[in-house]
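Colleague: Those protein sequences? They're chains A and B, same order as listed. Each residue of the first sequence is one higher than the last, beginning at 5 in our numbering. Each residue of the second sequence is one higher than the last, beginning at 5 in our numbering.
These are computed hints drawn from the structure, not numbers from a lab. Among the hints, erroneous ones may be present.
Same chains, same names: a pair is fine if it fits in one copy or spans any two.
[Unchecked claim] The calculated EDC-like cross-link candidates involving lysine to aspartate or glutamate, where the alpha carbons are at most 16 Å apart (straight line), are:
#, residue 1, residue 2
1, 158, 124
2, 327, 214
3, 327, 282
4, 430, 27
5, 335, 120
6, 327, 415
7, 43, 8
8, 335, 311
9, 203, 216
10, 310, 285
11, 430, 23
12, 203, 411
13, 424, 471
14, 38, 331
15, 310, 19
Note that the coordinates shown come from a computational prediction; the quantities given were computed from them, not determined experimentally.
Protein chains: 2
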Amino acid sequence: MDNETFRRCGHEFVEWIADYLRDVESYPVVSRVKPGEVKSRLPGAPPEAAESMDRIFADFREVILPGISHWQHPGWHAYFPANNSPASVLAEMLTAGLGVQGMIWQTSPAASELEDLVLDWLRQLTGLPAGFAGTIQDTASTAALCALISAREKATGFESNERGFRRPLTVYASGEAHSSIEKGVKIAGYGRENLRLIKTDANFALIPAELEAAIAADKAAGLMPACVVATLGTTSSTAVDPLRAVGEIAARHGLWLHVDAAYAGTAAVCPENRWILDGAERMDSFVFNPHKWMLTNFDCSAYFVKDPGALVRSFEIHPEYLKTGVDPYVKNYRDWGIQLGRRFRALKLWFVIRSYGAEGLRAFVREHQRLAALFRGWVEAAPDFELLAPVPFGLVCFRWNDGRRSDEELDGINKALLEKVNASGKVFLTHTVLRGRFTIRMVVGQRTTEERHVRTAWEVILSAARESAPRS
Amino acid sequence: MDNETFRRCGHEFVEWIADYLRDVESYPVVSRVKPGEVKSRLPGAPPEAAESMDRIFADFREVILPGISHWQHPGWHAYFPANNSPASVLAEMLTAGLGVQGMIWQTSPAASELEDLVLDWLRQLTGLPAGFAGTIQDTASTAALCALISAREKATGFESNERGFRRPLTVYASGEAHSSIEKGVKIAGYGRENLRLIKTDANFALIPAELEAAIAADKAAGLMPACVVATLGTTSSTAVDPLRAVGEIAARHGLWLHVDAAYAGTAAVCPENRWILDGAERMDSFVFNPHKWMLTNFDCSAYFVKDPGALVRSFEIHPEYLKTGVDPYVKNYRDWGIQLGRRFRALKLWFVIRSYGAEGLRAFVREHQRLAALFRGWVEAAPDFELLAPVPFGLVCFRWNDGRRSDEELDGINKALLEKVNASGKVFLTHTVLRGRFTIRMVVGQRTTEERHVRTAWEVILSAARESAPRS
Numbered sequence: 005m006d007n008e009t010f011r012r013c014g015h016e017f018v019e020w021i022a023d024y025l026r027d028v029e030s031y032p033v034v035s036r037v038k039p040g041e042v043k044s045r046l047p048g049a050p051p052e053a054a055e056s057m058d059r060i061f062a063d064f065r066e067v068i069l070p071g072i073s074h075w076q077h078p079g080w081h082a083y084f085p086a087n088n089s090p091a092s093v094l095a096e097m098l099t100a101g102l103g104v105q106g107m108i109w110q111t112s113p114a115a116s117e118l119e120d121l122v123l124d125w126l127r128q129l130t131g132l133p134a135g136f137a138g139t140i141q142d143t144a145s146t147a148a149l150c151a152l153i154s155a156r157e158k159a160t161g162f163e164s165n166e167r168g169f170r171r172p173l174t175v176y177a178s179g180e181a182h183s184s185i186e187k188g189v190k191i192a193g194y195g196r197e198n199l200r201l202i203k204t205d206a207n208f209a210l211i212p213a214e215l216e217a218a219i220a221a222d223k224a225a226g227l228m229p230a231c232v233v234a235t236l237g238t239t240s241s242t243a244v245d246p247l248r249a250v251g252e253i254a255a256r257h258g259l260w261l262h263v264d265a266a267y268a269g270t271a272a273v274c275p276e277n278r279w280i281l282d283g284a285e286r287m288d289s290f291v292f293n294p295h296k297w298m299l300t301n302f303d304c305s306a307y308f309v310k311d312p313g314a315l316v317r318s319f320e321i322h323p324e325y326l327k328t329g330v331d332p333y334v335k336n337y338r339d340w341g342i343q344l345g346r347r348f349r350a351l352k353l354w355f356v357i358r359s360y361g362a363e364g365l366r367a368f369v370r371e372h373q374r375l376a377a378l379f380r381g382w383v384e385a386a387p388d389f390e391l392l393a394p395v396p397f398g399l400v401c402f403r404w405n406d407g408r409r410s411d412e413e414l415d416g417i418n419k420a421l422l423e424k425v426n427a428s429g430k431v432f433l434t435h436t437v438l439r440g441r442f443t444i445r446m447v448v449g450q451r452t453t454e455e456r457h458v459r460t461a462w463e464v465i466l467s468a469a470r471e472s473a474p475r476s
Numbered sequence: 005m006d007n008e009t010f011r012r013c014g015h016e017f018v019e020w021i022a023d024y025l026r027d028v029e030s031y032p033v034v035s036r037v038k039p040g041e042v043k044s045r046l047p048g049a050p051p052e053a054a055e056s057m058d059r060i061f062a063d064f065r066e067v068i069l070p071g072i073s074h075w076q077h078p079g080w081h082a083y084f085p086a087n088n089s090p091a092s093v094l095a096e097m098l099t100a101g102l103g104v105q106g107m108i109w110q111t112s113p114a115a116s117e118l119e120d121l122v123l124d125w126l127r128q129l130t131g132l133p134a135g136f137a138g139t140i141q142d143t144a145s146t147a148a149l150c151a152l153i154s155a156r157e158k159a160t161g162f163e164s165n166e167r168g169f170r171r172p173l174t175v176y177a178s179g180e181a182h183s184s185i186e187k188g189v190k191i192a193g194y195g196r197e198n199l200r201l202i203k204t205d206a207n208f209a210l211i212p213a214e215l216e217a218a219i220a221a222d223k224a225a226g227l228m229p230a231c232v233v234a235t236l237g238t239t240s241s242t243a244v245d246p247l248r249a250v251g252e253i254a255a256r257h258g259l260w261l262h263v264d265a266a267y268a269g270t271a272a273v274c275p276e277n278r279w280i281l282d283g284a285e286r287m288d289s290f291v292f293n294p295h296k297w298m299l300t301n302f303d304c305s306a307y308f309v310k311d312p313g314a315l316v317r318s319f320e321i322h323p324e325y326l327k328t329g330v331d332p333y334v335k336n337y338r339d340w341g342i343q344l345g346r347r348f349r350a351l352k353l354w355f356v357i358r359s360y361g362a363e364g365l366r367a368f369v370r371e372h373q374r375l376a377a378l379f380r381g382w383v384e385a386a387p388d389f390e391l392l393a394p395v396p397f398g399l400v401c402f403r404w405n406d407g408r409r410s411d412e413e414l415d416g417i418n419k420a421l422l423e424k425v426n427a428s429g430k431v432f433l434t435h436t437v438l439r440g441r442f443t444i445r446m447v448v449g450q451r452t453t454e455e456r457h458v459r460t461a462w463e464v465i466l467s468a469a470r471e472s473a474p475r476s
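Starting from the given sequences, assemble the full structure and let the hints guide the process.
Modeller: Structure follows, in structure tokens:
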């Protein structure tokens, strides 16, 4: 493709993206294609000859687009959001154009130094303690794995890296912790049976006394506790583990304390939400995802550690072909995680923070919290609905319940209700199970979601309930 | 930022990127900033109020750009290339605009199904055996870790995931294997002392008899061999391990065979390079990086496995909040690797393959191999230079040597020579050490590199040698 064709297509794509971001509301939120449908419309073998970008772009619009579920739709109330934003999309364009691979300082000093700078901006914005150093990981799953590796090395005096796993180490997290903790425990070689899922209280937060008891029992059995994971904003219900109490227990027993705030970390840009970080000085590592609630294109996880030396010592490699003369004076982020190669992801964070300003980020979070509280009020006021968890941030957990049926019956009714709601194409909500009950999750966190969208969601839910729920 | 501002800035950025790609040759290849210089020019705290995109973009051009090392420069002969291409940049724009997070089929069916399709296109393009199934990983480091986890689980009957690492398992790779193998061995809990670095022959390829002997010795010592890694195109010298012989040994001992072709895998688009894959039917897993030599923006590693069931069984998680009704009928790629969240990376691969066609990709690789052979000829013909390794692909390993000095003296001379060459700003080459000798690596693999650039590189080297090397 010559330079002029790139220019022409680039302009066409900018117009398309701008139209898409403006009109995304007009699409059904979730793709309606059937399994296999997209693939069946495309040739099974690669083309021998070059094809024109016009033709490729036409196929994108006609075949790919109908198979897209629209994460940027204002009716996206599913999972947690993965927001992009105009500033972030613009930065991604430059990142793609430069094509920088920032594995070490020398391969683009600006990529390393901007990452260093912007992660400290994030630290300041969220009120994390001074001294914590940050790096960008792709996802909170990877960050959790890094924390589990660091914990393993700390517990064994950096011997597991050298000699391999020699004796069982145990890990602690609440029963509501994210699945990536179990996954990381397996990958890092701890073994799933050495992960203790600690009981939670009525609000789905870890009970410190149960944690203490589990550690004591393991020690008595001759096992070696290595790591505890506290979650600030669990996936199912955004429950907040009591960080200070957990941190005191971790410190008393010499455990690595990893804090998973993947979704809720962004809330800490507002001082009124900083209560979640009370006790943060005890943390060894902390992760939150600007790619969720901070308007930064996926992927972008901010991983902070108290002692970068322990992180680097767990991951460093020194092959001859990567040595440079400035190594003693710079940060080579290849040693701060699993991957060697690194995209220039700091650029989009820098664009987003500057484009919104701290004020703008706070206003964004506050509006979503206001809308979630509004929705919670509607659920609480409705005779046939009930709230199933507290609403500290932007997630409302609820179900239809007329008070006359068994939990089993209610599970079926709510499952059908959710399907009906999503079939509307106007909104997309997902589910979880809380205390054995099928629970509908309504997240307010998409960049373009306004009060009118939240009202629409509630109307769709009420209407679906009128049509599908049993009459008294 | 309103939609119109996004549109205006988007067009401005397209023009800038097009100019950059056209004029990248005019920049010094490697950034000339000093450590700390970029950071010192930026405010240490985030802005309170929103800033205009014009101001952010101005800072990008004035502060960030001088800190960029230009991977897309035709004089980039360092490391291995990380090519972007117009088609790939265009696709990245759409990916950013859609903001899709394709963790499971439902969250964008097109992302899952296009990944499935395009990875099979890659399988066909490179002549991998039928039946191998592919997925996109971020880097070959992550893919190697996935292979090492699968190998661990296979060796222990899927018990390590459940119970943790219980007995030492051993891993084998040549002494020239990439540093990511050592890193993966540590992360997966094998321990570095259980990685056997097997001796290589005169061409830096693994010696099968040495592998066989190492496995036998470990078995005799009561250890359990689990995995062997063969490298097709090592990082230092692009040596090719004998796949068929290694595969026979792996099969005989029941070891997982992972094949790292991160750089050279792309060469297999040309039938005349397919000799490297002789014996491929024995592989359990295979990785190569379209983000290196196949014109696809970093990051994009193609990871293939013979038995997807073994991969999925190693990584699957089933939290309630990720369950969907179609799970039995679709591929949920969250279970094909470490991360849960996934960018829509198949799109850029699809754009690149269609935009170039199989013909275009082959022509691209062939031209680089032709230019590398040309450069090799100049080195061989020059009285004061010597070739230090075979040149099967696009990398030439050489040094200055007038035949009158010790290796130690030559190391110093060549180190100084390389620094002088890179100080020119016209080219960027890096080094390695082969058999203890400081070796200059000259890679021809950047998309825009033409014969005139390779000639320039040789002239810069000769001129630097005339100025800095000792006179006889």
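Colleague: Look at each hint and say if it fits the structure.
Modeller: For each hint, the structure was consulted:
Proximity of residue 158 and residue 124 under a CA criterion of 16 Å is satisfied in neither setting, with 25 Å inside one chain copy and 42 Å between copies. When the C-alpha separation of residue 327 and residue 214 is checked against a cutoff of 16 Å, the pair qualifies neither within a copy, at 48 Å, nor between copies, at 29 Å. In this assembly of identical chains, residue 327 and residue 282 lie within 16 Å of each other by CA distance neither inside one copy nor across copies; the values are 41 Å within and 34 Å between. When the C-alpha separation of residue 430 and residue 27 is checked against a cutoff of 16 Å, the pair qualifies only within one copy, where the shortest distance is 13 Å, while the shortest distance between copies is 46 Å.
Proximity of residue 335 to residue 120 under the C-alpha cut-off of 16 Å is restricted to the intra-copy arrangement: shortest distance 8 Å within a copy versus 37 Å between copies. In this assembly of identical chains, residue 327 and residue 415 lie within 16 Å of each other by CA distance solely across copies; the values are 15 Å between and 59 Å within a copy. When the C-alpha separation of residue 43 and residue 8 is checked against a cutoff of 16 Å, the pair qualifies neither within a copy, at 32 Å, nor between copies, at 35 Å. For the homomeric pair residue 335 and residue 311, the shortest alpha-carbon distance inside one copy (14 Å) is at most 16 Å, but the shortest distance between copies (39 Å) is not.
Taking the closest pair of Cα atoms, residue 203 and residue 216 come within 16 Å of each other only inside a single copy of the chain (11 Å); across copies the shortest separation is 50 Å, beyond that limit. In the homo-oligomer, the alpha carbons of residue 310 and residue 285 lie at most 16 Å apart inside one protomer (9 Å), although the nearest pairing across protomers, at 47 Å, exceeds that limit. In this assembly of identical chains, the alpha carbons of residue 430 and residue 23 never lie at most 16 Å apart, being 19 Å within a copy and 42 Å across copies at closest. In this homomeric assembly, residue 203 and residue 411 never come within 16 Å of each other (Cα to Cα): the closest approach is 21 Å inside a single copy and 65 Å across copies.
With identical chains, the CA atoms of residue 424 and residue 471 are at most 16 Å apart within one copy only, with a shortest distance of 9 Å there and 78 Å across copies. Taking the shortest Cα distances, residue 38 and residue 331 sit within 16 Å of each other only across copies (12 Å), while inside one copy they are farther apart (52 Å). In this homomeric assembly, residue 310 and residue 19 never come within 16 Å of each other (Cα to Cα): the closest approach is 44 Å inside a single copy and 42 Å across copies.
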